[in-house]
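Visitor: Note that the protein sequences, when read in sequence, are chains A and B.
Anchor point for the first sequence: position 309 equals 309 in full-length UniProt numbering, and the numbering is continuous, going up by one each time.
Anchor point for the second sequence: position 62 equals 62 in full-length UniProt numbering, and the numbering is continuous, going up by one each time.
Treat the hints as calculated values from the structure; they're not laboratory data.
A portion of the hints provided could be inaccurate.
Said to hold, decoys possible - Below 25 angstroms or equal to it, Euclidean Cα-Cα: the simulated DMTMM-like pairs (lysine to aspartate or glutamate) are: (1) K53/B x D351/B; (2) K310/A x D146/B; (3) K327/A x E253/A; (4) K328/B x D374/A; (5) K98/B x D356/B; (6) K471/B x E407/B; (7) K332/B x E335/A; (8) K332/B x E223/A; (9) K332/A x D374/A; (10) K328/A x E407/B; (11) K260/B x D259/A; (12) K327/A x D222/B; (13) K345/B x E223/A; (14) K332/A x E141/B; (15) K345/A x D146/B; (16) K278/B x E331/B; (17) K345/A x D147/B; (18) K280/B x D351/B; (19) K364/B x E335/A; (20) K327/A x D356/B; (21) K53/A x D360/B; (22) K273/A x D352/A; (23) K53/B x E398/A; (24) K364/B x E256/A; (25) K327/B x E23/A; (26) K328/A x E14/B; (27) K410/A x D109/A; (28) K364/A x D374/A; (29) K117/A x E141/A; (30) K364/A x E253/B; (31) K98/A x E253/A; (32) K345/A x D356/B.
As the list claims (entries may be wrong) - Facing chain B, a subset of chain A residues (Cβ under 7 angstroms, in silico): (33) I5; (34) P6; (35) T10; (36) L15; (37) I176; (38) L184; (39) Q186; (40) A187.
Glycine included, C-beta positions come from ideal geometry on N, C-alpha and C.
2 protein chains.
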Amino acid sequence: MGEIIPHWLTKQAELSPNRIAIEWEDGRRVTFHQLKTRSQQLARKLANSGVKKGSHVAILSPNSMEMITAIHALSYLGAVIVLLNIRLTAEELNFQVKDAEVSHLLTDDSMLETGQKLNVNVITSFTMAEKSAEKDVALQEEINLDDPFTIMYTSGTTGFPKGVVHTYGNHWWSAISSALNLGLNQADKWLIPLPLFHVSGLSTLLKGIIYGMPVYLFVKFDERRVHEAIMTKGITIISVVAVMLQRWLHIMEEGERPDKLRCALLGGGPAPKSLLEKAKKRNIPVFQSYGMTETSSQIATLSPTDALRKLGSAGKPLFPAQLRIDKKDNEKIGEIVVKGPMVTKGYYNRDDANRDAFTDGWLKTGDLGYLDEDGYLYVVDRRKDLIISGGENIYPSEIEGVLSGMEQVKEVGVAGKGDPDWGQVPVAFVVPRGKIAKEEIYRFLQQKLAKYKWPKEIYFVDALPRNAANKLVRHKLLDLMDQT
Amino acid sequence: MGEIIPHWLTKQAELSPNRIAIEWEDGRRVTFHQLKTRSQQLARKLANSGVKKGSHVAILSPNSMEMITAIHALSYLGAVIVLLNIRLTAEELNFQVKDAEVSHLLTDDSMLETGQKLNVNVITSFTMAEKSAEKDVALQEEINLDDPFTIMYTSGTTGFPKGVVHTYGNHWWSAISSALNLGLNQADKWLIPLPLFHVSGLSTLLKGIIYGMPVYLFVKFDERRVHEAIMTKGITIISVVAVMLQRWLHIMEEGERPDKLRCALLGGGPAPKSLLEKAKKRNIPVFQSYGMTETSSQIATLSPTDALRKLGSAGKPLFPAQLRIDKKDNEKIGEIVVKGPMVTKGYYNRDDANRDAFTDGWLKTGDLGYLDEDGYLYVVDRRKDLIISGGENIYPSEIEGVLSGMEQVKEVGVAGKGDPDWGQVPVAFVVPRGKIAKEEIYRFLQQKLAKYKWPKEIYFVDALPRNAANKLVRHKLLDLMDQT
């Protein structure tokens, strides 16, 4: 049986009733006491429409106060929350609500129309839910860390998406692991420019509850407003993906220094070295990290003392986590395999996938990487993104890293394309900054990259395909060829 | 099944190999890497004398590097460690080693003679153990948090002492709970002037491993040397009991301020208000706390923001803990009852005691206290120390608190004495500072305390009975009457 702790929001509301829990970019603020009171009220209203312990309730919403209240309200009822990505089509959403056996759907008012297209019994907007009467039900006073709390679908390029089940314990251990790594300061305030339906956003929201720390929320990333918040609102930590950091750096004025920021936690895949070097020049403490939905956010992070010495590494596995590389003896790079109490116990209703992915508590991540002689992790690529060209392994991220070092390259993505001679060849998609010729790019590559790694084709595009967390979606790159 | 984490010392040695793990008052220092290497070597040597997973191994030692190495060595073998109090008589020790089914005893060289009087099969001093050859055995690479790690005996005034079993998880959760309360700073260094065979000392030793934080160790408390360490060695946190704080304050020079010290964690029973006020004047951030062996160190602590507003309170239960007062409706004070993952699962081989003490995971502490209107805990007394005089409840700590406010009173203890008229009456034992007459004491009490609470007898003594953790042992006070 799992460990039992008091309900985390009730507890934090007892410990720090008047401390700010949530702060929005537009100035709205909510204390832990207010957040608890509202969430408990909403829980009693949702109980009225039949939500109870074990119900599977989906939420379809951009970041909003109502969404946060709903997440906690559902935990007070002991319901399992299915967090839906608002960018998906009705067909994709229908797959997920069916797969996760969702009985109730809660939507942001703006998403109600989309929501009504889904095959769910009870469909309610936040405003409709607020209008319900409160039912006199017992709310959860304790949390059993073994109980399931959320289900999030991983994109999965082969086969159908899989629902990652997170227990309360997975989220708890993720928060604790991060605290042991980053430390816990009284003055901390963590900025989330990421969607709460992704684990990166949700995990930070829960860290706020567990640490008693205010989180500063954006509905969506905007580099100018994020920059202003960092410079004037006492932000000490921010979660970002590479492209956000890039955009932010691009608009920073010469000489500006975000003095209070003690950590820019960088997730969402390997970052180009040139970006890390730019951030270093600006005194921005970038902590490269490695994680995925299955690990309830980062499972490895480069610690402050090593940030400069091991540029480009995702660091070491967090204190309660283990990580090894599954590889042949004569190879350096292999599949990253992880274990720890923040790792999901499995995919919802997918015995086959679970049998494939888990062995004795170890999860095969599908990512490729290596450990250097000091045990630092370098993530190379998704295994499925690996390009095998004439028997040689080519890593798209390596080519992207080199190309993004060019001043005229704003963003770049590389993917493997089928080739009758070589099996596969790399192809690059470049969002240029100003004017640039392909010849210039090849001239730049001459000194930097072995010729067999050069992209055989280069396309100039307006934007790269990214998911809601702003992560590059490599498997959609080749679709861009038709548009150019 | 419990959560699995990597072995904590191996892990910290990987994360922070060159960071100082242990620093001694005489200047000796050991890094996490060195501590791991030595502990693993000693583990292989101990394996040679038959120690293996599940063995019950007692340690009889004052604080020493060898003792620390032995604690970790035994965890690498998966043995259960019985920590013996070096002040006990051979008879008392024999009770414990028999009760805990100890197969091996490890002693400090200075304690070998005492050790040899005990009924244990294999008795080895640290030096003898170091001379063994190393056996090629597999060492624990992981820790299952549900596995038992240590057994410590509680003094227990009625009946025989009981062995409190701590799992690895109990210690883990204690460390995490404390971090969520006190924060985690990169610069932290925690001073332990307490014995490692008590939970107060051992828990801090383990916090050091889990946080990656140096601990600064004393063999025994000495106010002048502790003062010097605090002023010159970058100490940020110190664990103390009231009498240590008192002695330290007494030797501090006017105007001295321990600037780096961010927390003096005060345990070991209620502290007199006058002491807390003195500390406040000196800018010493005293965090009053409440805990016991059964809760693996503090389970409630007064947080920094409330330290001044709620002087005398032990604060609120730590984040993962729950606490309530078991009392009749019309009463304010009742028995403190606690629950949480840091609370022991039970006493070793004591089904009866466990049935009495535990209900649905809640532990009856035997302590009396109340919660104020804001939910802050005030610990009044041990239930067994309560004096019932003519039907009135009299709390020794209240009388002690008042008397210790007199400049001429260095230390004071109060106990109940049988009385034919009143059932019990309070009797005070005073260690005076300079000269003082009993009349002066009663004059002092006139304004401060209702007459029925006045001690019926006052004895002047040279010292009060204290245990190895320097806690007042009230039930031995009355023995002093014969000596005066």
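Visitor: So, for every hint listed, does it hold in this structure?
Guide: We went through each hint and held it up to the structure:
| no. | hint | verdict |
| --- | --- | --- |
| 1 | K53/B x D351/B | holds (24 angstroms) |
| 2 | K310/A x D146/B | violated (36 angstroms) |
| 3 | K327/A x E253/A | violated (45 angstroms) |
| 4 | K328/B x D374/A | violated (61 angstroms) |
| 5 | K98/B x D356/B | holds (23 angstroms) |
| 6 | K471/B x E407/B | holds (21 angstroms) |
| 7 | K332/B x E335/A | violated (61 angstroms) |
| 8 | K332/B x E223/A | violated (56 angstroms) |
| 9 | K332/A x D374/A | holds (14 angstroms) |
| 10 | K328/A x E407/B | violated (75 angstroms) |
| 11 | K260/B x D259/A | holds (23 angstroms) |
| 12 | K327/A x D222/B | violated (56 angstroms) |
| 13 | K345/B x E223/A | violated (51 angstroms) |
| 14 | K332/A x E141/B | holds (24 angstroms) |
| 15 | K345/A x D146/B | holds (18 angstroms) |
| 16 | K278/B x E331/B | violated (32 angstroms) |
| 17 | K345/A x D147/B | holds (21 angstroms) |
| 18 | K280/B x D351/B | violated (45 angstroms) |
| 19 | K364/B x E335/A | violated (50 angstroms) |
| 20 | K327/A x D356/B | violated (55 angstroms) |
| 21 | K53/A x D360/B | holds (21 angstroms) |
| 22 | K273/A x D352/A | violated (38 angstroms) |
| 23 | K53/B x E398/A | violated (47 angstroms) |
| 24 | K364/B x E256/A | violated (57 angstroms) |
| 25 | K327/B x E23/A | violated (40 angstroms) |
| 26 | K328/A x E14/B | holds (24 angstroms) |
| 27 | K410/A x D109/A | violated (36 angstroms) |
| 28 | K364/A x D374/A | holds (22 angstroms) |
| 29 | K117/A x E141/A | violated (35 angstroms) |
| 30 | K364/A x E253/B | violated (61 angstroms) |
| 31 | K98/A x E253/A | violated (49 angstroms) |
| 32 | K345/A x D356/B | violated (36 angstroms) |
| 33 | I5 | holds (4 angstroms) |
| 34 | P6 | holds (5 angstroms) |
| 35 | T10 | violated (10 angstroms) |
| 36 | L15 | holds (6 angstroms) |
| 37 | I176 | holds (6 angstroms) |
| 38 | L184 | holds (4 angstroms) |
| 39 | Q186 | holds (6 angstroms) |
| 40 | A187 | violated (10 angstroms) |
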